[in-house]
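J.: Position chains Y, F and W against the provided structure of chain B, taking the given hints into account.
Protein chains in written order, with the numbering used here: chain B, 1 to 304; chain Y, 1 to 304; chain F, 1 to 304; chain W, 1 to 304.
Keep in mind that a hint or two might mislead.
Covered by chain B, according to a simulated footprint, are these stretches of chain Y (three or more residues, beta-carbon under 8 Å) [stated by the list, open to error]:
1) 4-17
2) 102-110
3) 199-209
4) 232-241
Facing chain W, from chain F, some residues (calculated, C-beta under 10 Å) [stated by the list, open to error]:
5) Leu-16
6) Ile-17
7) Arg-124
8) Thr-198
9) Pro-219
10) Pro-281
Hints in this document: simulated from the structure, not taken from any laboratory. Just so it is clear, the structure is predicted and the values come from calculations on it, not from any experiment. All C-beta atoms in this analysis are idealised placements derived from N, C-alpha and C, irrespective of residue type, glycine included.
Number of protein chains: 4
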Amino acid sequence: MEKPGRWYFESLTHDLIVGSILEEIVYSGRTRYQDVQILRLSGFGLCLVLDGKTQSSELDEYIYHEALVHPALVMHHGPKLVFIGGGGEGATLREVLRHPGVEKAVMVDLDREVVEICRRYLPRHHRGAFDDPRAELVFGDARAYLADTGDTFDVIVLDLADPIEGGPAYLLYTREFYQTALARLNPGGLLVTQAGSTSPVNHTEAFTPIASTMASVFPSVLSYTVFVPAFGGPWGFVIGTTDRAVEPLSADTVDGLLRKRLVEELRFYDGITHHGMFALPTYLRAGIQAETRVATDQDPVFVV
Amino acid sequence: MEKPGRWYFESLTHDLIVGSILEEIVYSGRTRYQDVQILRLSGFGLCLVLDGKTQSSELDEYIYHEALVHPALVMHHGPKLVFIGGGGEGATLREVLRHPGVEKAVMVDLDREVVEICRRYLPRHHRGAFDDPRAELVFGDARAYLADTGDTFDVIVLDLADPIEGGPAYLLYTREFYQTALARLNPGGLLVTQAGSTSPVNHTEAFTPIASTMASVFPSVLSYTVFVPAFGGPWGFVIGTTDRAVEPLSADTVDGLLRKRLVEELRFYDGITHHGMFALPTYLRAGIQAETRVATDQDPVFVV
Amino acid sequence: MEKPGRWYFESLTHDLIVGSILEEIVYSGRTRYQDVQILRLSGFGLCLVLDGKTQSSELDEYIYHEALVHPALVMHHGPKLVFIGGGGEGATLREVLRHPGVEKAVMVDLDREVVEICRRYLPRHHRGAFDDPRAELVFGDARAYLADTGDTFDVIVLDLADPIEGGPAYLLYTREFYQTALARLNPGGLLVTQAGSTSPVNHTEAFTPIASTMASVFPSVLSYTVFVPAFGGPWGFVIGTTDRAVEPLSADTVDGLLRKRLVEELRFYDGITHHGMFALPTYLRAGIQAETRVATDQDPVFVV
Amino acid sequence: MEKPGRWYFESLTHDLIVGSILEEIVYSGRTRYQDVQILRLSGFGLCLVLDGKTQSSELDEYIYHEALVHPALVMHHGPKLVFIGGGGEGATLREVLRHPGVEKAVMVDLDREVVEICRRYLPRHHRGAFDDPRAELVFGDARAYLADTGDTFDVIVLDLADPIEGGPAYLLYTREFYQTALARLNPGGLLVTQAGSTSPVNHTEAFTPIASTMASVFPSVLSYTVFVPAFGGPWGFVIGTTDRAVEPLSADTVDGLLRKRLVEELRFYDGITHHGMFALPTYLRAGIQAETRVATDQDPVFVV
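So here's chain B without its partners, still in its complex pose (with noise of 0.2 Å):
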């Protein structure tokens, strides 16, 4: 360490972790489904941390959430009904509503009170989202909301936490959860998820089984990934379209796609960055190509 004093640690994986120091302790309680802390920690300002895992912070997370939210969206051609599950602190939210061409976007979150505490302590990272008039919030399982709506949506978008055993996630990460999705989407649609570590050091936990289970569903899978500092390495993201042919955009189609339907210019994500995550280096390619699990509710995979 630098210096003694007060850190925050967390593990990467069971021989690898990381500290930072830690200026405050915001709020440290637990829901009834998780532990949940926001934490300011120097260099990367407030962070949501549940069940002892990262899920954003100040620093970044504009990187996090850019990354997850505007590929998807850009790929379709004029998303309108957007779906979120998860998405606590309400900054997928905010990257989903910049699209003005989004008419209503629902988001069903399993904890009400992680919602509130982020909203609370994290205006930063939803700027009042929560309150745009498009903005549909719902508490309890999106899985079972899938599965039971009539409506549906353009795009889904999966910001939840990673695949836990015991955890709140772990169920809509599967075969079986993507085939109630796949059939809540219009023709068209989209559907992201993230989709944990791409790091060469346990890029075999969750994403390569992710990228697999979604493709024995979904026409055609895309994968991607950006470097995110306070989950300690890079992070991966996994689009199934309805439709099986999915052209890539070029560099400059993003950027005039970006241009056209936003008004303003994002942060980290444009069309350079969109070929830079598109274009996974070898050992992710070679590992989904050699991945065979397939993720079911009676065979989940979970992260350790």
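T.: Below, chains Y, F and W without anything else, positioned relative to chain B:
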């Protein structure tokens, strides 16, 4: 920490630290120039640590060394004479010599003891590269060597320690040094240097000043980045060229050149990976653009 | 570490560190003189930490404060006027005022802010002692106060921060200071000071020089030690007396005096405990005997 | 931490951890019974660590081993036959054999590999004690040995690992075991056992139940404590005697016996030290008095 026991900690910044389970201290000592450790870390295997900074690990040294060497060699129309500054483990030499077209590789490392330690304890790093008849190993200051030699080179590869105040390498990151090196490049030649962390938390510490300093000397400069687990984040590289106009290589061109020039496939570097590395995220492009510092012998740039 | 999460680390020596689970940061700031933290540590409860050094914890402050105060007061034939140097938490004052025979206790602490912070956040430390009509609270330099006052005292209790270079207290551990203090003691009076760690790993850092310095000033000197969990080891105290001949008190005598003088029983200090504290292990007796340093204003002794 | 680098951490309790700078991993492996490490820790020198718990360090093993052995031997009128349970490092044997009056010392340790590792790597611990013709080294279960032997002893010294669930030693802390051991003591005989931490933070974990269990078997029981830096706190020992009436020894008597019986002076143990060790602080006396648990084979007591 996941559990008590033996750990190795390394600071990424003054407020961020990474710890790994320490399996074995293979070597620990001090040479005339620096502290040297060969550690076996859980998940990483054997690591070379100089002055408390991990230089490479068995797990992922192929990522770092392939990313350092091959882009510049591929961008050159047919490199025959290569100069390596630093590169104690011999893995940079190994990658350079993978190109059968290379007729001679001169490696100049300051620290004979480090090279001998690596040669003895890190056989999976060098894999016999030092014994290749095309390799010429010189112990001395790479800057003085380039200043004094009458030889010129097609590619110069700088595999140096970070520019630490009082360390052995900071004068190999200054404008004066790059001027010396440029003068030793043949027409069409390129220089590539490792360039420090490209993480949002500290990319302006070394990476953007190095890019800016090189841009003050070389007709054209290209930066790229890759995630290296053993460094705890994404790492930067900068290429300077003798020609003003450098055409970007398509993925297919890269793959074609690799097939034509190399005997065996690489583990990390290929056309798509090349594209991912050179498509810098927004914050790095913005950081490079905003950078005004130029490191000079009188006013060098240091990593903390 | 037992597990990742929030930890508070404190150095005992340059190569030894202790970590506790950090439950709450009750206060963190900087006064004119020092860094102040009130931390709630698992197992220890609320702790006062000055300049990165734990001063006392709810768990065991009674051990430290009873051990600091009562031996000297019991060894005096009937203390009425007591001077306290330092003692910000108010717990030393609390223990002094337990003696109904004490008519006046003057507490001089340099740092008004620390006292106010303790008064607000550490009620279980002071337990209202500041409101006792016999207490006189002065903010200022204890050394200057003793030099300037015309008053004399029966017992002087020094509850100071360790002698850290650049810290607020190191000039209250020098020969010149002890001469000043001795001059303010009534006949039969005693001075007691906290005297740093008595662990075999660092007992010669502060403890033996303090004992040796006091022995150069006081007619008679007695040292004792007690284990304080929050300090991570055994802690030392030194008593200096105005009389040359100090008879050791039997356990029964101590118990008898406590019964006679105090209204309620103490939690830690009694006759047997007194005996244990004053029966120094061999290495401490040998260390005191071998110590030749005498701390002076010109050549003080510092804890690293 | 004072600085990054190589550290060895050990848990004292579930929320308290101690870290030392790790200089060398001399040995690391697993025997049939337990994990074994010989570590060189800065400040402590060579340490034996079994199942993640430091057993002794070069710095202070003399404190632990002298405190374990000599009080019981001095309290006996003239010990000739001594039994040692455990004691892998050979340092307990070394201390026992310092008494020229001892004619035979039988040491029964479960783990032949640990003894061989200590014999090889810890010569400053055993100092050749294993080669003393009076030493008889047996590999096996000390409890079974005592149950089966026809021999009887003057003093039984138990230098065992803490009673950890699933560990090799917890059945040597139960009432049934003490009954077996008592039956193997000659008239006037004593048994002494190491008895775990006596820190206020965890003295009721092992120390008070061991004292209470021994009190349910032995006619008289005496407890004492000493600070051992390598254990991160004060450590307890309990003596059980075959005689009901045990007179406390004065410091002068202890010093006289040591002078008479031993050839050379001890480093730690003498009359005053003896007094300090047996004068337990209030909380330990209260803890022993309040303890009602008696460890049995069916219902043993475990250290967490």
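J.: State for each hint whether it applies.
T.: The hints, checked one at a time:
no., hint, in the structure
1, 4-17, "holds (count 8)"
2, 102-110, "violated (count 0)"
3, 199-209, "holds (count 3)"
4, 232-241, "holds (count 3)"
5, Leu-16, "6 Å, holds"
6, Ile-17, "4 Å, holds"
7, Arg-124, "16 Å, violated"
8, Thr-198, "8 Å, holds"
9, Pro-219, "22 Å, violated"
10, Pro-281, "5 Å, holds"
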